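Q: Sequences and hints are given; from them, build the entire structure.
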Amino acid sequence: MNSMTDKSEPQTLFEKIWSRHRIMERPDGQVLLYIDNHLVQDGSAPAFEMLRRRGLAPRAPDRTFATPDHYVPTDSRDLDSMPDPEKRRMAQALQQDSARAGIQFFGVDDPRQGILHVVGPEQGLSWPGTIIVCGDSHTSTHGAMGALAFGIGATEVSHVLATQALWQRKPKTMKVSVEGALTAGVSAKDVVLRIIGEIGTAGATGHVIEYAGSTITGLTMEGRLTVCNMSIEAGARAGMIAPDDTTFQYLAGRPFAPKGKDWDEAVARWRTLPSDPGARFDREVTLNAREIAPMVTWGTSPEDVIPITGRVPDPAAVPQADRREALARALAYMDLAPGTAMTDVAIDHVFIGSCTNGRIEDLRSAAAIIKGRKVAAGVEAWAVPGSGLVKAQAEAEGLDRIFRDAGFQWRYAGCSMCLGTNGDVVAPGKRCASTTNRNFVGRQGPGSRTHLLSPMMAAAAAVTGRFIDVRQLMQGAA
Amino acid sequence: MKPFEALDSVAVPLAQSNVDTDQILPARYLQKPRADDFGAYLFRDLRARMRGSNEPPFVLDQDPYRNGRILVAQRNFGCGSSREHAVWALYDHGFRAVIAPSFGDIFASNALKNGLLPIVLPEAAVAALLKILRATPGARVIVDLATQTVVAPGGTVHEFSVDPFAKHCLMNGLDELDYTLSQVQQIVDFERRYNADSVNTGRRR
Ligand code: SF4
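Chain order of the listed sequences is U and Z.
Under the working numbering, the first residue of the first sequence is numbered 1, with each subsequent residue one higher.
Under the working numbering, the first residue of the second sequence is numbered 1, with each subsequent residue one higher.
The set of hints was computed from the structure by calculation and includes no laboratory data.
Since the model is a prediction, treat every value here as computed from it, not as a measurement.
We put the CB at the ideal spot given by N, CA and C, even for glycine.
Fair warning: there could be bad hints in the mix.
[Claimed, not checked] What follows is a set of in silico ranges between Cβ atoms, one per label pair, in the way DEER data are often shown:
#1 U/96 / Z/140: 46 to 52 Å
#2 Z/131 / U/309: 37 to 43 Å
#3 Z/6 / U/309: 51 to 57 Å
#4 Z/140 / U/338: 18 to 24 Å
#5 Z/3 / U/83: 40 to 46 Å
[What the hints assert, rightly or not] Not the full set, but computed from the structure, chain Z residues with beta-carbon under 10 Å of chain U:
#6 49
#7 113
#8 156
#9 159
A: As structure tokens, this is what we get:
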């Protein structure tokens, strides 16, 4: 380990990882970082094409890993069934590019296929102390493992393929602490939505967030993955959580995790990663978990979020003209009147899945609400596991039966209706309760209206046909 | 990449914050080959929606703005998805610079690698600029990368900062990868040291 940093200065988790991956510095201060792990999805054809045009081959295929997620169909595992030849070509190109370069690839016929940000941790590919990049903004997810993980563009993907390294200007650091116990019906998703509501979608621009505090350390690994996943929605370059026993227990024994003596040495090293006492952050924000209720978005930005007990805001109450116009535009798009109680808003679709909430605990928490109930009349509800292995696990636990019996569609793993690139879209004007991460205009299809919420809240919406405080449906509720 | 030239162009006011890359380039065009004219997909859904409404057309479809090469927007422009296609769409449409108080990090980085200059100016300067552009449709703005200045229609000069290396690449039409490849020995040396430590390589089959 080439740690040449001054030992007297307390360091953050981020700084420790940064300095250990530093290859060289350019005159303008940008640093060339070594990349431990490069995840490649099925939108990467342009990056491979850039490489080919220059006559270059991937430098470290053993540090590269690929699985298709954005374009794969979720109603079948047959790529040939995809009606759109261009989309089919995207999914197929990844397989060909990977095979040519000797990159580990899980195709749709492999149960390990899935959304990269579900598969990476699940396979034990995402380690503490490493730098992980992927041509996808939600790469921040892997930071929950105690890694520095961030999304990059296509030109950068080709740069990493060619050199296994990437130029970066050192970002600033921000500590977001959440303290206290979460109340029943409140999940990691509500925590991160609340954080975004607090600091705004540009609140952490140029920063790497370290999440800390008793609420965060009390989360399961999957809950932590959900929190770090949405760091990008707060504008952050990355989000990370110090590795601890929860992390090591999750990682131990996974296929690509170190084994035996390597494991023991790795864990000993990883225990030195957490931020030193007294380490300085450029910004600090603290939230109280007891004040966090089940959340739901009303607008077209993830910062447009309120507790389920809240009402749609009124543009007339906003003093600044541009904010007022933006709010009015969002409400017009969402077809919501100011002052409407969120619990009076009826829905057409429910989508449970994505790299934010497509893991087994998400499906379990939704199934617990759905069990013994039926999807409300007129609502189309989908459950889309984040990976083939999540799907298999859910089926082994009988969760698929609960979803199906209630009237949900139970589908194959992929990004699906989070983005709709594979054709799984919400029809224009329809309203979707979605466990995903973005409620942008048209995100789930042109004219679609997205409300972000937790899997429990989505399940509750599915069975009532409108938004409802999930706590009213939980066992023991009056 | 073509060298970046000084711009003297109509500036297009897009007085919105949080313009995300899903708006700039809707996801259903992500599978299109780079050889396509992505300008045709720029703000595609927004433009279609406004054409179908009673509101005035989207700003890019209004007469004085059609050939503008400078876009002026509010905070957090290009937030959201990492799709480089959003930059391609702006570039192919003819834009060479976007001025805003802040940008999505990945968007800004993608832009610099594709000949599109993201210029950060203070919120007040952007607000003033937007005001002039809305009051005088078709007003021209000058962007000079060499001197790192923006000249507003009234003659007010704003300085901006840009990474010196990115500036060098933009002005000369150079590519970062060429530079990195010229430094490959540094990567080789680092990799040898790094991979000698089993903690860094434990999984590697
Ligand atoms: S699930 Fe959604 S956010 Fe996650 S990688 Fe897929 S498209 Fe992106």
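Q: Would you mind marking each hint as holding or not holding in the structure?
A: Hint-by-hint comparison with the structure:
1. U/96 / Z/140: 46 to 52 Å: holds, 48 Å
2. Z/131 / U/309: 37 to 43 Å: holds, 39 Å
3. Z/6 / U/309: 51 to 57 Å: With a Cβ separation near 55 Å, residue 6 of chain Z and residue 309 of chain U satisfy 51 to 57 Å, so the hint holds.
4. Z/140 / U/338: 18 to 24 Å: Violated, since residue 140 of chain Z and residue 338 of chain U (Cβ atoms, about 40 Å apart) do not stay within the stated range.
5. Z/3 / U/83: 40 to 46 Å: Check passed, 43 Å falls within 40 to 46 Å.
6. 49: Result: holds, 8 Å to nearest chain U Cβ.
7. 113: holds, 4 Å
8. 156: Violated, about 20 Å.
9. 159: With Cβ-Cβ at 18 Å, over 10 Å, it is violated.
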